[in-house]
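2 protein chains.
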Amino acid sequence: MQNSPRKVYFVSNGTAITAETLGISLLAQFPDHQFQMRTIPFVDTLEKAHKVRDEINDGLGEVNHVPIIICTMGDPELMEIINQARAMIIDPFGDILPRLEKVLAAQHLQPGQSHRTANPSVYESRIDAIDYAMIHDDGGKTQNYDEADIILIGVSRSGKTPSCLYLALQFGIKAANYPITEEDMEYEKLPEPLRPFKERLFGLTTDLHRLVNIRQERRPNSRYSSLTQCRYELRAVEEMYQRHKINYINTSAMSVEEISARIIRDNELQRIELP
Amino acid sequence: MQNSPRKVYFVSNGTAITAETLGISLLAQFPDHQFQMRTIPFVDTLEKAHKVRDEINDGLGEVNHVPIIICTMGDPELMEIINQARAMIIDPFGDILPRLEKVLAAQHLQPGQSHRTANPSVYESRIDAIDYAMIHDDGGKTQNYDEADIILIGVSRSGKTPSCLYLALQFGIKAANYPITEEDMEYEKLPEPLRPFKERLFGLTTDLHRLVNIRQERRPNSRYSSLTQCRYELRAVEEMYQRHKINYINTSAMSVEEISARIIRDNELQRIELP
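Those protein sequence lines, which keep their order, are chains Z and B. Note that my numbering gives residue 158 to position 158 of the first sequence, counting from 1, and the numbers run on in steps of one. Note that my numbering gives residue 15 to position 15 of the second sequence, counting from 1, and the numbers run on in steps of one.
No wet-lab data here; the hints were simulated from the structure. Some hints here could point you the wrong way.
In this list, chains with the same sequence are indistinguishable; a pair is considered to hold if it fits within one copy or across any two.
[Said to hold, decoys possible] Derived lysine-lysine pairs resembling DSSO-like cross-links, with alpha carbons at most 27 Å apart:
1) K7 with K141
2) K189 with K245
3) K51 with K189
4) K102 with K7
5) K198 with K102
6) K102 with K245
7) K189 with K141
8) K48 with K189
If we strip away everything but chain Z, and leave its shape as in the complex, we get (with noise of 0.2 Å):
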C-alpha cells in the first residue's frame, strides 16, 4: 500500500458522470486504498484536451506512482490525446464499442454526429415529477395524494425528503411524504390523510443512535434529539407500520440512491422510460 493517496482522474467530452460513476464503483472495490479523485467534465476541443494532459503529467513530479484515469470521450481524436497522459488509463467506450458495434452491426456515431435528441415528454415527466415531490414533501399537501405513485412516511429525519427528490429527478416517480408526528402516534388508526391511500404507503426507519446524531446536529440538547424520545418514536412508528401491515425499510446503512432502488424494486413502481 502507497502513503499519498493515488490521484484518479474522470475525464469526458461530456458530463463526465459516466466516468465518475464508474470510476467510483471500481474503486470501491479498493476500500484500503486511498484515492485522490478529480471530476474534469467537458474536455471538448484538441486544445482542453492537451491541457488536461499536460496537467497530469506535471502532476507527476509530486508522487510515487501513476495516477489512473478514468476517460469516456465519444470522440477518438480527444481519447488519441488522454492517451498520451503518463498514466494508467481506463477507456471503457474504447473497449466495449468496437463489440457493440459488431453485434448490432452498425457503427457508432462519429464526432460531429448528433446524438438522439432527448424525449420531450420524458423531460415533462420529470419536472412533473419535481413539482409533484416539492409540493407534497413533508404533509405540506395531502390533497393529491390519488396522483402520488407512492406515499413514503416515517418519523422526522428518516430520509423521506432526500428519497422523493430523488425518486423524482431520477426516475419521473411522483413521491409524496408524511411526516409521523408523536400525535399520530397517539392512535391505533392511520393519521386521516393516509387511510384512503393504504397501498400506496411505504415506510421509513432507522437506527436509533443514527437518528439521534442526525436530529442532534439540527437541535443539540433538544427533547427532540434526545434517546429517550427517539427511542420512543422509533418504536411506535415501528409498530404502526406492523399493525397497518405497511411496507418499511430500515435506510441507517443505505444511500439515498440504495433508498430509492429498493422503494422502485419492493413496490414494483413504473419509472419512466429510459432515454
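Following the hints, position chain B against chain Z.
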C-alpha cells in the same frame, strides 16, 4: 438495422446505477437503433441470478436477435451465472478490476468483505444542501443568501428548481434560486435581495418556443404562456444579465445533469468530497 427493439438488461447485485449509467452512455452512440432497456438491481443471491439468467433466456424466443447484458457484479460467482445467458455480455468489472489490481498491487474486495463505509460527514453535507435548496427555492426565503454557494436566477420555468435540487443531491452544493418577475424587470437595478450577492448569481435562460411549450403545459392559453409574454420576459432577463455582467447559460438543449455540471464548471464550485 433491426425492426423490433433490441433488448438490453442492466444487471447488478447493487442498485445497478453504474450498469445503467454506463449502458445508457454506450447506447447513445447508436441513435438509429431502438432499444428496450430494463434495469434489474439487487441480484445478490445465486437464486436471483439463476432467475435473471432464465428470464433472459426465456425472452429469446420473442426476438430474432441476441440481447445485450451490461452487468456490474461485485461477486464473480454471481457473474458466472449471468455469463450463462445467451446474450452479448458486457462485464466492465471483469475487464477492468484485474488491471486495477495490478497497478494498485492489491486484490479487490472478495464477496462478503465489506465496502468502505459511507463517510457520515459527506452524508450530512448532502442533507444540509437539500434542506437549503428546499427552503431557498423560488425566492421562498432570501435571508440566508450569504450561505449559498450559488444563486440561480431566471424567469419562471427556465430550469432553476431541478438544477438546485440536483446540485444539492448529487454534489452537496448549496444552491438557492430566485425567480425574476415582471416587476423586477421594470427596474434597472437588480432585485433587492440579490444586490449584495452579485458574485454568486448565475442566470438561466431558454429558447422562446421551448418556454412557451413548457408554460402551455401548465397554464394553457394564458397570458403567462403566450408568445408575447415569454418573448418579453426572456429579452428582459437576458438584458438584465448583460447589464449586470451576470454569467448565464441557455438551458434549452440541456439535461438537468448537463446544466448542473456546467454551473459547477463555470463557477468553479467546490463539490463535496467524492466517496
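Next item on the list: Please work out whether the CA atoms of K198 and K102 approach to 27 Å or closer within one copy, between two copies, in both situations, or in neither?
Entry: Intra 50 Å, inter 53 Å, cutoff 27 Å: neither.
Note to self: Checking an output row: K189 and K141, CA cutoff 27 Å. Within, between, both or neither?
What the structure shows: Answer is within; shortest intra-copy Cα gap is 20 Å, inter-copy 36 Å.
Next item on the list: Check K48 against K189 for me: Cα-Cα at most 27 Å, and say if that holds within a copy, between copies, both or neither.
Entry: neither (62 Å within a copy, 37 Å between copies)
Checklist line | Status of K141 relative to K7 across identical chains (alpha carbons, at most 27 Å) | finding: Intra 47 Å, inter 40 Å, cutoff 27 Å: neither.
Check: When no copy is specified for K102 and K245, does a C-alpha distance of 27 Å or less occur within a copy, between copies, both, or neither?
Finding: This pair counts as neither: shortest intra-copy Cα distance 51 Å, inter-copy 51 Å.
Next item on the list: State whether the alpha carbon distance between K51 and K189 is at most 27 Å within one copy, between copies, both, or neither.
Entry: Classified as neither: same-chain Cα gap 64 Å, cross-chain 39 Å, threshold 27 Å.
Margin query: When Cα atoms must be at most 27 Å apart, do K189 and K245 count as within-copy, between-copy, both, or neither?
Written below: This pair counts as within: shortest intra-copy Cα distance 12 Å, inter-copy 58 Å.
Next item on the list: If the cutoff is 27 Å on CA atoms, where do K102 and K7 land: within, between, both or neither? Let me know, please.
Entry: Classified as between: cross-chain Cα gap 16 Å, same-chain 35 Å, threshold 27 Å.
Checked against the numbered hints listed earlier, the structure breaks hints 1, 3, 5, 6 and 8; every other hint is satisfied.
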